[in-house]
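J.: We have chain A already, so just place chains B and C on it with the hints.
Chains as they are written, first to last, in the working numbering: chain A, 102 to 440; chain B, 2 to 139; chain C, 1294 to 1852.
One or more hints might be untrue.
Pairs of lysine-lysine, DSS-like flavour, derived with a Cα cap of 27 Å [to be verified]:
{"no.": "1", "chain 1": "A", "residue 1": "Lys178", "chain 2": "C", "residue 2": "Lys1848"}
{"no.": "2", "chain 1": "B", "residue 1": "Lys77", "chain 2": "C", "residue 2": "Lys1785"}
{"no.": "3", "chain 1": "B", "residue 1": "Lys77", "chain 2": "C", "residue 2": "Lys1780"}
{"no.": "4", "chain 1": "C", "residue 1": "Lys1566", "chain 2": "A", "residue 2": "Lys342"}
{"no.": "5", "chain 1": "B", "residue 1": "Lys123", "chain 2": "A", "residue 2": "Lys198"}
{"no.": "6", "chain 1": "B", "residue 1": "Lys123", "chain 2": "C", "residue 2": "Lys1755"}
What follows is a set of in silico ranges between Cβ atoms, one per label pair, in the way DEER data are often shown [to be verified]:
{"no.": "7", "chain 1": "B", "residue 1": "Ala101", "chain 2": "C", "residue 2": "Arg1322", "range": "51 to 59 Å"}
{"no.": "8", "chain 1": "A", "residue 1": "Gly226", "chain 2": "C", "residue 2": "Ser1351", "range": "53 to 61 Å"}
{"no.": "9", "chain 1": "C", "residue 1": "His1687", "chain 2": "B", "residue 2": "Ala101", "range": "32 to 40 Å"}
Derived list of chain B stretches under chain C, where covered just means 3 residues or more per stretch with a C-beta under 8 Å from a C-beta of chain C [what the hints assert, rightly or not]:
{"no.": "10", "region": "10–22"}
{"no.": "11", "region": "64–72"}
{"no.": "12", "region": "111–119"}
No wet-lab data here; the hints were simulated from the structure. Ideal placement from N, C-alpha and C gives every residue a C-beta, glycine not left out.
These are the residues of each chain, in order.
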Amino acid sequence: MDGDIAGLVREISQNPAGSTRAAARLMSLLENHPTRIPEVHAEFANWPEPLMVLGITGPPGAGKSTLVDQLVESYRKRHPQRRLGVIAVDPSSPFTKGAVMGDRVRMMRHATDSNVFVRSLASRGHLGGLALGVKGVLRVMGLLQCQLVLIETVGVGQSEMEVAEFADLVAIILAPGQGDGIQLLKSGLMETGDVFVVNKGDREGASQLQSQLRATLNLRTSGRDSHNRSPICVTSALEGKGIAEFLDLLEEQHAKYGDEWIARRQQRFKQEIEQAVLEEAQRRLAETLRTAGIGQDGIAHILQGKTTVSELATRLLHLGAQDTSQHNEGTADERKSEE
Amino acid sequence: MQTANSRARILIGKPGLDGHDRGAKYIVHILRDAGYEVIYTGIRRSPEQIVEAAIQEDVAAVGLSLLSGAHNELFKRVIDLLKARGASDILVFGGGIIPASDIPGLREMGISAVFTPGASAKEITATVDRLLSAPQGA
Amino acid sequence: MKENPKNKLSTAQARQAWEETTVAKTVTRFPERRARFDTVSGEEIDRLYTPQPETESSYLDKLGFPGEYPFTRGVQPTMYRGRLWTMRQYAGFSTAEESNKRYRYLLEQGSTGLSVAFDLPTQIGYDSDDPMAEGEIGKVGVAISTVRGMEKLFDGIPLDKVSTSMTINSTASILLAMYIVTAEKQGVPPHKLTGTIQNDILKEYIARGTYRFPPNPSLRLISDTFAYCTKNVPRWNTISISGYHIREAGATAAQEIAFTLCDAICYVETAIKAGLHVDEFAPRLAFFFACHTDLFEEVAKFRAARRLYARIMKERFGAKDPKSMMLRFHTQTGGVTLTAQQPDNNVVRVAIQTLAAVLGGTQSLHTNSKDEALALPTEDSVLIALRTQQIMAHESGVTNTIDPLGGSYFVEQLTDQLEAEAEQYIKTIDDMGGMVTAIEQGYVQRQIEESAYRYGMSVEEKERIVVGVNQYQVGQEPEIETFTVPKQTASKQIENLRRTKAGRDRKKVDKALANIEAAARGDDNLMPPIIDAVRVCASTGEICQSLQEVFGEYKENFH
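Chain A on its own, in the form it takes in the complex:
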């Protein structure tokens, strides 16, 4: 198994343009075993990072998919040498665990462009609705030399907050005629967004929405960049209008904050590793606690006043420091010595 990750990483880094299959495979591996993400770095000290990771979220029906498709088209024209990645996230069915992923439909014209890599992910019951797999896919897209990665999610539940975790910039896409505009503006979306896009800009109600949005943003005191007057872009994605201006805006943001983003990502990655280590440790300790012997007896003793939580924790830590494969022997020894 270990060979797989290292081998795949090597293959991809040696020939990013020609290793679609390997990259896709690695993405699946990491999606299914997210704790192994840190392993990818074994071969690679300086992991290539995208210039920008842009989150695109917002209520359904605002035209996100069309916007993403147009962004990809324009970006490719503007930077023909650069590669980009798109991660499209869809919710898994809580009942069947399956998922319907249809975001590709709007951007199939890019399927045969070797400089565009699109990956669909299902949320897989992850609390906020955003997929755990995003982390791994992002890593691999970096390795593929994707300079821009777009993460598209539907802005329901808390997934927009989660996008903020992974993305350097979060763009909230709104459109007129989506029901109560005011309600929308009161939701958590406003806190998470760095950039706002009013799509379907030539429709009735677009300028009203823009004004309402501006007013709401001016009142905003918390959130990611509350000191920064969040820019609003107006687009008509279907007609391809406003896309160039949106790209200009993104590039401005990159010019200002690009280095900060990379530092933040690296910091976050380190935190993730720390988190992963702690989680693995906790998992093992929990297993030890659960199995018969020290765990059950220890808890009974606490209830009987024969020992304390602190003492049990110390013993657990001492035991848990051993490898899980030797764990059973340890417990048996303990049991013997207690008799």
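T.: The following block gives chains B and C in isolation, referenced to the frame of chain A:
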């Protein structure tokens, strides 16, 4: 093969110009009901687009839906392209309006299963389950 | 419903008035087929049955009389007593020559109208020599890339003597132009031509998929054809607003009515915005519905659709000409209802569906062949399908009176129910901002997808039995002979096309295409430049390319 964390991924595509997508969309839903993660490409896709998408998505299988009679030509293109890209381990199954007399030919070219009108959701998901859990080359 | 002045009369008196005015006017020009209509046992059958004094109440408002608002009981005063429905079998495949032979066969066997099926590349605007056409040439219909193909298609068929329906949408203007130029060569002027082009782009986005350009430019093309034909081809039905494909895609009967009428509303609004007056073009609007096997639901559906449409045209659009309020429609028996298992059973299904369509008052009918779920139909199975209609027309007696099921407690209640349900959907779509918005939001597609899913599940769970499929199966399915498209088709077609393209005046073609592009950028009617281009052998693909430069290409949305 499903485990707690991993789920099998399948791509459903409509190659060629046929725009009748009721069947394809139905298959997408019943496979989702069976626990698969299903990527749908929409209509009017070239074999190249379908194969490229299948590889990027690292799917275990591709389902092709076609009602216009162009299945012999277009299914073959998909099989050939997968082979050329070193992805022959991705299984291909098909459905739509396909005369019984064409099915042996399709099977021979590498299509693992052909579903025709009237196939039940149970049959389809059972067949897909079986295909995906069989060791390669079976 | 608005107060009907006839309410002051009793039904019997109103009936008499109807006989003396509306019916009398019709029979002087088109006498009924017989002096007397009898059952097979000799019982005389009345033209129409109306409530007896005890059961009167809302008859005049909700039902009225055939040929009069609200047209619930039929759009013509004498219906099948005056003229049977047109027996129009959809056909066309492989080459223009083969299709021509099949048309002549059908005309000889008693078919009274022609219906042309085109292959997918032609429908979407790709020439046979375009890479996009690979594998698809001649498969679902005839490949027509230039006017030469159209000439071969109608070789020996006098276009002033037949009515031709062409199932063509994105490229309708182009194929119509080719038909006009072909007639021209036969010496038949455009004002003598009768027929229909389907020309219904909205349902393509919803259910059928042969779209090319985005909605708004497509609507412009459609209103250009309305305007052009109103003036130059007045006997031509410029659109066949279709519910058939919407139903085939999985919609319920109520949705079939609603989404079709919403499409109609959009087209009418488009034409009015383009400066036409509703009574100028509305009389030429035609419709196309499916007919499934639930007999009474189908009959109720057609009656509800007629009444609802009449009200919409009168109250919403202020139409004054009764012809603008008449829902005239073609019906096709539902393809999805036919099974690949035990195909002979399909003959029975089609017979029931034919009965429903006739009891429902269709103006024209295509009956599917029994091998529909397997391949394009053979000559033998097409013949049975045609005979089904003929037997219904001449042996069943259901044509002896108009709207025979009118007055049935069941059918009247079901009619009201479907009408109300359809109205709900129409309101929802109105609130969304109209059909184009509803389509862009994916609302219509989702409704259909859900209905299809629900139906599939009901069959899966055996709540709904489909004979031969989930019950009454046979172990070994019998081998049946099916039609196969001859292998040489594609290469022959490409060869012919290359020859035609080589033999043209390239300069004239280029100039004509440039004119089309210029007209597309402006407001001029696109039909004249398209006709000019077609005359110098510009191809379907070339014309679409020029239009695409200006209009762009539509991209599918999902969820």
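J.: Has the region 111–119 of chain B got at least three residues whose CB is nearer than 8 Å to a CB belonging to chain C?
T.: holds (count 3)
J.: Hint check: Lys123 (chain B) vs Lys1755 (chain C), CA-CA at most 27 Å. Holds or violated?
T.: With a Cα-Cα distance of about 12 Å, the restraint between Lys123 (chain B) and Lys1755 (chain C) holds, given a limit of 27 Å.
J.: With 53 to 61 Å as the target window, see if Gly226 (chain A) and Ser1351 (chain C) comply at their CB atoms.
T.: 56 Å, holds
J.: Starting from Lys77 (chain B), check that the Cα of Lys1785 (chain C) is at most 27 Å away, please.
T.: 22 Å, holds
J.: Cut-off 8 Å, C-beta pairs, minimum 3 residues; does the coverage of the region 10–22 of chain B by chain C stand?
T.: holds (count 6)
J.: Confirm or reject the coverage of the region 64–72 of chain B by chain C under the rule of 3 or more residues with a beta carbon closer than 8 Å to the chain's beta carbons.
T.: holds (count 3)
J.: Check whether the Cα positions of Lys178 (chain A) and Lys1848 (chain C) lie no farther apart than 27 Å.
T.: 19 Å, holds
J.: Between Ala101 (chain B) and Arg1322 (chain C), does the beta-carbon spacing fit 51 to 59 Å?
T.: Taking Cβ atoms as reference, Ala101 (chain B) and Arg1322 (chain C) lie about 53 Å apart, which means the hint holds.
J.: When you take the CB atoms of His1687 (chain C) and Ala101 (chain B), is the distance between them in 32 to 40 Å?
T.: 36 Å, holds
J.: Would the pair Lys77 (chain B) and Lys1780 (chain C) pass a check requiring their Cα atoms to be no farther apart than 27 Å?
T.: 16 Å, holds
J.: Given the proposed pairing of Lys123 (chain B) with Lys198 (chain A), does the C-alpha separation stay at or below 27 Å?
T.: 18 Å, holds
J.: Compare the distance between the alpha carbons of Lys1566 (chain C) and Lys342 (chain A) with 27 Å, and conclude whether the hinted pair is satisfied.
T.: 25 Å, holds
Consistency with the previously given hints is maintained throughout, with no hint failing.
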